[in-house]
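**Q** Okay, here's what each chain looks like letter by letter:
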Amino acid sequence: MSEEFKVEIVNPEKSFLVKDDVSEVVVPAFEGEMGILKDHISIISFLKPGIIKILSKSGDENYYVEDGIVEFKNNNLSILTSTIFNLADMDKSKQQDLLKQAEEEANKTDINDQSKYLADQKVEVLKTLN
Amino acid sequence: MASLDDLKKRIASVKSTQKITKAMKMVAAAKLRRAQESAEKGRPYSEKMNNVILNLSNGISDKENAPKLLSGTGQEKTYLCVVMTSDRGLCGGFNSNIIKKAKSYFAKILDEGKELKIITVGSKGNDQLKRVYGDKIIENISFKESKNANYFDADKVGKMVIEKFEAGEFDVCTIFYNQFKNVITQIPQAQQIIPLNNEEEESSSEESYEFEPDEDEILSNLLPKNISTQIFKAMLENSASEQGSRMSAMDNATRNAGEMVDKLTIEYNRSRQAAITKELIEIISGAESL
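Residue numbers (my numbering), protein chains in the order written: chain F, 1 to 130; chain B, 1 to 290.
No lab work stands behind these hints: they were computed from the structure. Quick reminder that beta carbons are idealized off the backbone N, C-alpha and C, glycines included. Treat the hints with care, as some may be off.
[Said to hold, decoys possible] A few chain B residues that face chain F, going by a derived Cβ cut-off under 10 Å, partial list only: (1) LYS31; (2) ARG33; (3) MET49; (4) SER208; (5) GLU212; (6) ASP216; (7) SER228.
[Claimed, not checked] One-sided and incomplete, this derived list gives chain F residues near chain B with beta-carbon spacing under 8 Å: (8) ASN11; (9) GLU13; (10) LYS14; (11) LEU17; (12) SER45; (13) THR109; (14) ILE111.
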C-alpha cells in the first residue's frame, strides 16, 4: 500500500497548491512542530509563523506561513492560510521586507500578549532563513 | 419639428454616447472575467473554513460556554448591518438591488423596535442610504484605491466588526451583498455572520477529531478569521456581480443608443426630403405664376 496522501493548501485568493503524492508534511502547529504521515488521526490545529515542509516523491518543498489552520481527515490534509510564500521563490529582499515588518510589529507596545508572541515568532523564523 | 441642424447634433451626441457605453461594456467584460475567476478561486477557502467550523462546533462539548461569536450574546437588541456596494455607478440595478434588500430588512428591524446600526462599504451605498438612515450609519468604508478585492481590505472590515462586537455595540451582524450567479442574474443576499447561523444540517460524519490546542481555543481563533473570510467572499462575489451587472447594463445602453440613432436618422432624412420638396414646390409655383 502506498504511503502517500493528499495535501491541499488554500489561501483566500485561490487554491494555492494541490499535491497527492505526499509522504510527509511537517507543519508549525501552535504547540510545536507536528509531522503528519499517512493515516494520522483526524486533527484540527492552527499554525503559528513558521515553515511548512512537504516531502514527496517529486521533491521536497518548503513554504513560509504566518498563520493558518490545518485539518487532517481521511488522508486529506487541508491547510488554510492567509499568508504563504514558497521559499524557493522568496529572494533576500523579500525576506528582509517581511522581517522588517515583523520587527516593527513586535516592537509595538500597544499590542496584546498573543500578537506580541506571534510577531516575535515571525521575527525568529525569518531570521533563521537569512 | 426640430431643425436639420439640431437633428444632426443630436445624432452626433447619441453616437458618441454609444461609443462610451460600448467601451465601458468591453472594459467590464474584461474585468468580469478576472473577477469571476477570483470569485471562483476564492470559494474553496471559505467552504473549507465553513466545514472546519461546522466540524468544530459539532464537536464542542460545552455549548453553554461557547464563544460569543458562535452562540451570540444571548439577546437580540442591536443589529449591525454591513451593506456592501460598489464605489462606481453605471452598473444597472446592482447597487439599488442591494439597497432595496437592505432597506426592507431595516424596516423590519425598526418595526420590531430594535436598534439599528449600519456600516456601509462602498460609496454608492452610502450615498443612497444616508438620506434616510443617515443617523444610523456609524461607519463608511470605501476601497477606491484598491483595484481588486483583496483579503487585507476584508480583514480590515472584519477586525472592525469584531472590535465593535467585543465592545458590546451590537448583538447580531448581517452582511448584504450580491451573489454572482451569471452575467444577467445577481441575487442580493443577506447573510448573518454573528452569531453564526448553524441551521445547516449537522454534518453526517460523526468522526471525532483530535484538537490541538483544545476546541475553545481553536474556535476563538478561528471565528474572527471566519468573519473576515465571509466578508472577503462577499467582496469577491460583489465585484464579479458589479462587473456583470455593468456589462449587461452597458450592453442595453449601447443597443438603445443604436435604436435612437436609427430613429433620428430617419427623422433627419425625412425632414431633409421635406425641405427639398418644399423648395421645389416654391420654385415651380413661382415659375408657373410668371
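**Q** Each hint needs a verdict: does it hold in this structure or not?
**A** Each hint, compared with the structure:
1. LYS31: violated (16 Å)
2. ARG33: Hint violated; B/ARG33 Cβ to chain F Cβ min 15 Å, cut 10 Å.
3. MET49: holds (6 Å)
4. SER208: At about 7 Å, which falls below the 10 Å cut-off, the nearest Cβ of chain F leaves the hint on B/SER208 intact, so it holds.
5. GLU212: Constraint on B/GLU212 satisfied, holds at 4 Å.
6. ASP216: Violated, about 12 Å.
7. SER228: The hint holds - B/SER228 has a Cβ within 10 Å of chain F, the shortest such distance being about 8 Å.
8. ASN11: holds (7 Å)
9. GLU13: holds (6 Å)
10. LYS14: For F/LYS14, the interface hint holds, since the closest Cβ of chain B sits about 4 Å away, which is under 8 Å.
11. LEU17: With Cβ-Cβ at 12 Å, over 8 Å, it is violated.
12. SER45: This hint holds: F/SER45 lies near chain B, its Cβ roughly 4 Å from the closest one there, short of 8 Å.
13. THR109: violated (19 Å)
14. ILE111: violated (13 Å)
Violated hints for the displayed structure, listed by number in ascending order: 1, 2, 6, 11, 13 and 14.
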